[in-house]
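Enquirer: Chain residues, written in single-letter form:
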Amino acid sequence: MTKLRQALAIVDWSGWLGAAIVVAMVGAAVLAPWIAPFDPVAVNIEDRLTAPDAVHWLGTDQAGRDVFSRILFGARASLAVGIGAVLIGGLIGVSAGIFAAYKGGLAELAVMRVVDAVASIPLLVWAIAIVGVLGVGPVQVGPLSLPNEVKIVVLVGCLFSPVFARVTHAVARRVVSADFVKARWLQGAGHWAIVTGDVLPNCLSPIIVQATLLVAIGIVVEASVSFVGLGVQPPAASWGTMLSDARNAIYSGEWWLPVFPGLAISITVVGFNLLGDAVRDLFDPRSEARTLVA
Amino acid sequence: MVLVRAVAGRVLASLGTLLIVGLALFVLTRSGPSSPARIVLGVDATVEQIRDFERVNGLDRSLLAQYGDWLAQVARGEFGRSFVTGRDVAAEIVNALPVTLSIVLTAFAIAVVFGGALGTAAALRPGGVVDRLSRFGTVIGLSIPAFWLSILMIRVFAVDLRWLPPGGYAPLSAGLVTHLQFVAMPALSLAVYYVAVLARMTQASLQETLRSDHVRTARAMGLPRRKVVVYALVNALPPVVNLAALSFGYMFGWALIIEQVFNVPGLSRALLNAISQRDFLLLQGIVFLFTAVFILANLSADLVNRLLDPRQRTAA
Numbered sequence: 001m002t003k004l005r006q007a008l009a010i011v012d013w014s015g016w017l018g019a020a021i022v023v024a025m026v027g028a029a030v031l032a033p034w035i036a037p038f039d040p041v042a043v044n045i046e047d048r049l050t051a052p053d054a055v056h057w058l059g060t061d062q063a064g065r066d067v068f069s070r071i072l073f074g075a076r077a078s079l080a081v082g083i084g085a086v087l088i089g090g091l092i093g094v095s096a097g098i099f100a101a102y103k104g105g106l107a108e109l110a111v112m113r114v115v116d117a118v119a120s121i122p123l124l125v126w127a128i129a130i131v132g133v134l135g136v137g138p139v140q141v142g143p144l145s146l147p148n149e150v151k152i153v154v155l156v157g158c159l160f161s162p163v164f165a166r167v168t169h170a171v172a173r174r175v176v177s178a179d180f181v182k183a184r185w186l187q188g189a190g191h192w193a194i195v196t197g198d199v200l201p202n203c204l205s206p207i208i209v210q211a212t213l214l215v216a217i218g219i220v221v222e223a224s225v226s227f228v229g230l231g232v233q234p235p236a237a238s239w240g241t242m243l244s245d246a247r248n249a250i251y252s253g254e255w256w257l258p259v260f261p262g263l264a265i266s267i268t269v270v271g272f273n274l275l276g277d278a279v280r281d282l283f284d285p286r287s288e289a290r291t292l293v294a
Numbered sequence: 295m296v297l298v299r300a301v302a303g304r305v306l307a308s309l310g311t312l313l314i315v316g317l318a319l320f321v322l323t324r325s326g327p328s329s330p331a332r333i334v335l336g337v338d339a340t341v342e343q344i345r346d347f348e349r350v351n352g353l354d355r356s357l358l359a360q361y362g363d364w365l366a367q368v369a370r371g372e373f374g375r376s377f378v379t380g381r382d383v384a385a386e387i388v389n390a391l392p393v394t395l396s397i398v399l400t401a402f403a404i405a406v407v408f409g410g411a412l413g414t415a416a417a418l419r420p421g422g423v424v425d426r427l428s429r430f431g432t433v434i435g436l437s438i439p440a441f442w443l444s445i446l447m448i449r450v451f452a453v454d455l456r457w458l459p460p461g462g463y464a465p466l467s468a469g470l471v472t473h474l475q476f477v478a479m480p481a482l483s484l485a486v487y488y489v490a491v492l493a494r495m496t497q498a499s500l501q502e503t504l505r506s507d508h509v510r511t512a513r514a515m516g517l518p519r520r521k522v523v524v525y526a527l528v529n530a531l532p533p534v535v536n537l538a539a540l541s542f543g544y545m546f547g548w549a550l551i552i553e554q555v556f557n558v559p560g561l562s563r564a565l566l567n568a569i570s571q572r573d574f575l576l577l578q579g580i581v582f583l584f585t586a587v588f589i590l591a592n593l594s595a596d597l598v599n600r601l602l603d604p605r606q607r608t609a610a
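Chain order of the listed sequences is A and B.
If you count the first sequence from 1, position 140 lands on 140 in the working numbering, and the numbers rise without skipping.
With the second sequence counted from 1, adding 294 to any position gets you the working numbering.
Since the hints were made in silico from the structure, they are not lab data.
Treat the hints loosely; a few may be bogus.
Stated by the list, open to error - Only some residues are given here: those of chain B computed to face chain A with a beta carbon under 8 Å:
1. L322
2. P439
3. Q554
4. V581
Glycine included, each C-beta is placed from N, C-alpha and C at the ideal position.
Please work from the sequences and hints to get the whole structure.
Expert: This is how it looks when you write it as structure tokens:
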């Protein structure tokens, strides 16, 4: 416990700010149905385009819908896509990375070649093209009808997986050839025990760093794809579709329509970026140079 | 010799990747809910009409054979003729590409110049004003979505100040100043993220170099500070150039969204038209082009690293 406290002492105010933003946004997303003052999709023509006031804290849009409530519900779409994609990408990538490092030889070569191939797919263009081809309708999985965003979550997740695979592979390869793993072998530990008990825990810190930073990218991707009409479908609220709806307001002057959803995206992404930087400094202070780009 | 072989290997691997990823794309564009024949002939078409259409256009053959034909076409610089509009796909791409390219290249130049300068200035005085401002500014730059920045810029620079047009496009032939007036806002909003990315990388890499033993030795031996900094800059370059090349590939993707905001007649409009008209040949051509550019950017990032950093020359 004291060790943890000592470690946390090097986290500066920006790291705590990031953590606070992330916690607040996740809280807003989870609690949206209870804390939102209005129904996010309820049309109310009489109250359309009212400026922020005591009733509608962030104003209302063209259909009289409450902007604050829509932003709270929009947090659900954003975080679901960001976190969902990272979970999928992490699951695929970490498994592939560990498998490659543990097996070695031809299997390692083959897996890492596939990783290279997936890494050479431009994310945004493919997301737009694939949703464009498949259509924006819901996805039927057995009795479940999942919204269009599921396609984006799965696709972005797959395209995030090379990042996880590479970072896991790099660390796991060192761990696999370390003496303590050989010792575990000689003790008669099984493959599964070594992988989950020795290899995985040692790879965790870089994985967590990448995951935090990738959530930020996933959120912007969701907003962008929704902005061009291929993500979250109306009337459901998403920060990207809210900005798309707000485009006419640039000229007519309802400043609250383009400003608040954009602020919501930026603040959330700042949160994940600050948290990611802090986690990286905490786990791996020397790796400052490895910047993630998308 | 080793270098030549390593480079040749990387080039071949990239080409192979492009072919495989292209096949995936080919399969995907044909996995939509309805066949091109159904889209062109409409819902009333009989099964026979559709079979005829598919035979005439070679759509009844195996996917692999169709892909082979398509690749052979692409190698000759042809992307086929659209089933939907009857227009030549290559011609449509050639029309739209300069618009996108102009925006991306301008943005890339802004990103490299300002990112490099900011990162260098910040690294030379750790803890100084520039360093603190850049740490703060780059986090903001990384977090503002480019399309939101575009919307805000249109409001400020086009609607309120009336300095720049709110959207549209004028080619270079309309004069450099007019051209830049239209390109300025899209390019700037696209560049901000990459200014932040490159500034961070430049700062980190240069700071690490300045802390290294050989720089300390050079200083101890009395080499002037300016000379030391120049040497350090050269040594700090490889990761920055590598990231810049990668960024160039990513910028094309984000340009699609930016072009939408500014209503620019670039590849974004062509792609979204292709989607709404279910024009899969055009869609395939555009996405293939983007993928090729992206893979090329990755490849040049790798090759540049090898050239600048002798330690990586022989890495597989």
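Enquirer: Hint by hint, note whether the structure agrees.
Expert: Going down the list of hints, with the structure as the test:
1. L322: 6 Å, holds
2. P439: OK, holds: P439 of chain B within 8 Å of chain A, min 5 Å.
3. Q554: 6 Å, holds
4. V581: The hint holds - V581 of chain B has a Cβ within 8 Å of chain A, the shortest such distance being about 5 Å.
Hint compliance for this structure: every hint is met.
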